[in-house]
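S.K.: Let's have the full structure, built from the sequences with the hints guiding it.
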Amino acid sequence: MLGDELERSCKACRSKIKEKKQLVQTPKLKFDRMDISKKMKDIVEKLKHVSAKVSTILDKELLGSAIQKLEVLGSSHTRTQNNTMDRPRTTPDIIEPKLYGRDNQKKSLIDGITHGQYFSNDLVVLPIVGPGGIGKRTFTQHVYDEVKNHFEVPIWICVSLSFNVSRFLKENKKDNGTPYYVVHDLLHDLAVKVSSYECISIYSSNVRSIQIPSSVRHLSIIVDDKEVENRVNFEDFKKELRELDKRLNVENMRTLMLFGRHHGSYKKILGHLFRDARALRAIYVSGASYNVGDMLHDFSKLVHLRYLRIKSSKDNNDICLPAALSRLYHLEVINLQEWRGCFGFTRHMSNLVKLRHFLVPEQNLQLHSDIIEVEKMKLLQELRNFEVGKEHKGFELSQIGQLSELGGSLAICSLERIQAMKEADDARLVQKKRLHKLTLEWGANQPEKDIVHEENALEILISHSNLQHLCIRGHGGTKCPQWLREKLSVKILESLHLDGVAWNAFPPIGEMWLADEPHEKISSGTASSGIYILLSSKNDESEYCMDIRGKLDLDSTFWNVLAFDNLTELETLKISTCPPLQLHHLCMLSSLKTLKLWDSSSIVFPSSEREVRSKYQLPVECISVSQWGASAKDLTQLLTYFPKLSELNVQNCGKITELGVEEQQAKATTAASHSANKGDDGQIEQHQQQDGARSDGEIAADGLLLLPSQLQKLWILNCREMSLRFSPVDSNREAGRTGGGQGLQGLRSLQSLVTRDCPRFLSSTSPCFLFPSSLESLSLRNMETLLPLSNLTSLIDLSIWDCGDLRGEGLRSLLAQGRLTKLTVHRVPNFFASSEPLFPREKDFLSSSSKLRELDTDNFTGVLATPTCAMLSSSLTKLSFSWNNDAEHFTKQQEEALQLLTSLEEIGIWSCDKLQCLPSELHKLTNLKRLSIGDSAGSSKTGSDTTTKKDSRIEVTLGAIQENGNKDC
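Anchor point for the sequence shown: position 947 equals 1107 in the numbering used here, and the numbering is continuous, going up by one each time.
Don't read these hints as lab results, they were simulated from the structure.
One should not assume that every hint holds.
[What the hints assert, rightly or not] With a cut-off of at most 30 Å between alpha-carbon atoms, the simulated DSS-like pairs for lysine-lysine come out as follows:
#  : residue 1 : residue 2
1  : Lys815    : Lys804
2  : Lys711    : Lys756
3  : Lys406    : Lys474
4  : Lys647    : Lys258
5  : Lys1074   : Lys982
6  : Lys514    : Lys538
7  : Lys538    : Lys582
8  : Lys399    : Lys427
9  : Lys536    : Lys514
10 : Lys734    : Lys308
11 : Lys266    : Lys198
12 : Lys753    : Lys639
13 : Lys514    : Lys639
14 : Lys651    : Lys734
15 : Lys514    : Lys553
16 : Lys266    : Lys651
17 : Lys536    : Lys474
18 : Lys1084   : Lys1052
19 : Lys815    : Lys873
20 : Lys538    : Lys474
21 : Lys474    : Lys427
22 : Lys428    : Lys398
23 : Lys266    : Lys753
[To be verified] Computed Cβ-Cβ distance ranges for the label pairs, DEER-style:
#  : residue 1 : residue 2 : range
24 : Asn511    : Arg435    : 22 to 28 Å
25 : Asn720    : Ser923    : 42 to 48 Å
26 : Ser909    : Gly276    : 29 to 35 Å
27 : Lys353    : Lys553    : 55 to 61 Å
28 : Lys201    : Lys406    : 31 to 37 Å
29 : Ser361    : His613    : 58 to 64 Å
30 : Gly272    : Asn605    : 52 to 58 Å
31 : Met200    : Asp1073   : 30 to 36 Å
32 : Ser923    : Gly272    : 53 to 59 Å
33 : Lys474    : Lys201    : 43 to 49 Å
34 : Ser923    : Lys474    : 51 to 57 Å
35 : Lys647    : Ser564    : 55 to 61 Å
Where is the CB? At the ideal position from N, CA and C, for every residue including glycine.
M.R.: Given below as structure tokens:
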């Protein structure tokens, strides 16, 4: 009997578990995919031979029906099973806002999930067990809430003893209107197996052979491109679809899904096929290029429809939605996010009183504000847009008060049309606990604002404490509402956006910043006179960041908006177009790692600088400065407060005219003081040094920026008047230094340097090396001169663009003795002119020692020369030619030189519009694996073993080149 078999199996399992416990104290759960797959298949085969009752259980109601039928067979656990089946369905919504006594366990579990401790290629299950009522569900809800943003698709599934696969799939189809199925492949196989009598998919290859049971309730039809690629295939598939009318019982259909951008070619046949499908609960049409009513002729009779999703194949205002849509009163989900045709039915959507989700494209959110008497839709879970007083009746703000399930995002505009304060009170925003994002907007084009009226309205529109994002735009009052200040109620706000307000007091941003979840940043609006925009959020790296944007005409009281002492967790701060910030405010940000000062923003130092510098050492590691508003000397002073500073970005700073290193200046001053004890000659020398010091001071005041010596990364961008400071060799010698201390030599830890659009950067020419030998990456663009490179023995990546007639002095030494592996040279026609070896045997030496592996250039002539190719013959594996609009073909000499690159594995040719022919003997390059041709080197990644044509690019593998000998160009 079935009961005896189950009992023997349970005893065997208990025996094995007991045996394992004796052998291993701490068992480790593993998921052997192959072993479990085999066991599942064996179980399925055995179940086929069990009684017809068990077969019926699997085919129809799965485990839920199984329990009911076991009751008939005389189960003694009827009461327990019924209690379990009646267990209420759980959701991820947190009922208890505070979790007591489980902080350590919660933190440990969350850290394990977010840091990959539980990551595996197999199925991972984290069981949370305990007696009933101990708080397992509440604990799980809090964990789920904190980790859900770490996953692409989070799903909360409530599984009880009445679990049903079909019901599970249907419920998840209604999750925000999007069909998310995150199921392990073995579970998917099982689901397909047990649902095969209810669900089928039809496409061209199986339409004739597939068996269609009379019990089928859920149907999908897939029309591939091949069905319409020629007339024969089109007619064959059309014929087979006609035959389905005899095999398919559409009267009992519950779900219909149509896929493929060309399925509209069969709309008449499909319309005839489904003319009697009036019991449908769910419809998904993907790739519609027609009026849906032309296919579902009796659309108004689909009175049982709960779910509708329509996706267009292209923009077409000539196709429309069925007019009867607003009369299908059982609809719960309408998903039109990908509909690109004509709307027109939304005005009377309030007839759909059971509707929960109405999803529309972002550019058509006004469809929500078009709904008259929206208060009837009491189950609606998101209303993206509501316009107060759009018409005389049916658009009162009080309409929102009836939507108790409202969540997600809500924007309320035209708030100046509120007739009475009771209307604002009846909106009941404070009760919208599921609302995460709220925008309150007053019209900007009012002829005259009623200040008191708007202040009172905003004071009443208090939001629920769960709100995460708040935007207030165009408010005409002068006061910040109490619920944003004295009686702060939205303390977990993650972002606040103020646009077009002129308050005399502002929210204490630090106090409301208590949330710790990453979220989408809010883009700023257009600034106008007298307003500022402030945002605070988490960035993509899950760091706390704040972005403050203001107006230069604001005074220092502007900074009273921030409770700096509450911003100790702030890691990134960006200040744009703001009045100077007091240094003591900045010093309160004890976790600050990145500081961005843009658009004339600056820092104010105290009068006793030395005392403050010894007291405050800020942890900032990265600073970005753009359009610095103060002097270069002030910026030099600011940098001294950051002993951990490793990255500096300076751009668009016209006031900075010279660049040096702080360490050099300090040593020069020390040497000058030391020379003061050397008699008359020493005194003369001392005066000269002092004169020089005064000169340096004047320069510093005018534009000399001195860099801290610990920098590792430096960007200098679009500083067109800036030049690199060069100290004469003689004065260096007197100061006790050698000529190696020129330019940026003092930056002994510098690894990366980028300079762009700084034409005067190297204008103070010097025969010495001005860059430190520690450099690993160097990028130069739009330079008038170039200094020797041979000392850069650590350089790995060199990129040079738009540098006119520069020559690659020292390139041979870098290739022979350095570590250079990647070289990019564009619009520098003479760069390779000096690369020819001086002596006959030098060629062999360079060839054997070069480490260059990747070369990207537009210079066919310079690279495809015998000296250059001989130099790179044993190392170069990837060669790319790009952005050359002159070359039409490869010359004989260039093809011969190319054959010297015997280690070459990949060749890329990008945006060479006039090139007519490829090299004729590519097949002789025996190591060549890939040839890529296209419009842009950055269009997409290449593949290594496929031949494809996509987006104006061609990829060819080695086999095709070698077998055909590249006979045709």
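S.K.: Against each hint, give a clear statement of whether it holds in the structure.
M.R.: Hints, one by one, checked against the model:
no.: 1; hint: Lys815 / Lys804; result: 25 Å, holds
no.: 2; hint: Lys711 / Lys756; result: 16 Å, holds
no.: 3; hint: Lys406 / Lys474; result: 33 Å, violated
no.: 4; hint: Lys647 / Lys258; result: 21 Å, holds
no.: 5; hint: Lys1074 / Lys982; result: 27 Å, holds
no.: 6; hint: Lys514 / Lys538; result: 8 Å, holds
no.: 7; hint: Lys538 / Lys582; result: 20 Å, holds
no.: 8; hint: Lys399 / Lys427; result: 13 Å, holds
no.: 9; hint: Lys536 / Lys514; result: 9 Å, holds
no.: 10; hint: Lys734 / Lys308; result: 28 Å, holds
no.: 11; hint: Lys266 / Lys198; result: 37 Å, violated
no.: 12; hint: Lys753 / Lys639; result: 34 Å, violated
no.: 13; hint: Lys514 / Lys639; result: 41 Å, violated
no.: 14; hint: Lys651 / Lys734; result: 22 Å, holds
no.: 15; hint: Lys514 / Lys553; result: 23 Å, holds
no.: 16; hint: Lys266 / Lys651; result: 22 Å, holds
no.: 17; hint: Lys536 / Lys474; result: 34 Å, violated
no.: 18; hint: Lys1084 / Lys1052; result: 15 Å, holds
no.: 19; hint: Lys815 / Lys873; result: 22 Å, holds
no.: 20; hint: Lys538 / Lys474; result: 34 Å, violated
no.: 21; hint: Lys474 / Lys427; result: 17 Å, holds
no.: 22; hint: Lys428 / Lys398; result: 10 Å, holds
no.: 23; hint: Lys266 / Lys753; result: 28 Å, holds
no.: 24; hint: Asn511 / Arg435: 22 to 28 Å; result: 25 Å, holds
no.: 25; hint: Asn720 / Ser923: 42 to 48 Å; result: 45 Å, holds
no.: 26; hint: Ser909 / Gly276: 29 to 35 Å; result: 32 Å, holds
no.: 27; hint: Lys353 / Lys553: 55 to 61 Å; result: 56 Å, holds
no.: 28; hint: Lys201 / Lys406: 31 to 37 Å; result: 35 Å, holds
no.: 29; hint: Ser361 / His613: 58 to 64 Å; result: 60 Å, holds
no.: 30; hint: Gly272 / Asn605: 52 to 58 Å; result: 54 Å, holds
no.: 31; hint: Met200 / Asp1073: 30 to 36 Å; result: 58 Å, violated
no.: 32; hint: Ser923 / Gly272: 53 to 59 Å; result: 57 Å, holds
no.: 33; hint: Lys474 / Lys201: 43 to 49 Å; result: 45 Å, holds
no.: 34; hint: Ser923 / Lys474: 51 to 57 Å; result: 56 Å, holds
no.: 35; hint: Lys647 / Ser564: 55 to 61 Å; result: 24 Å, violated
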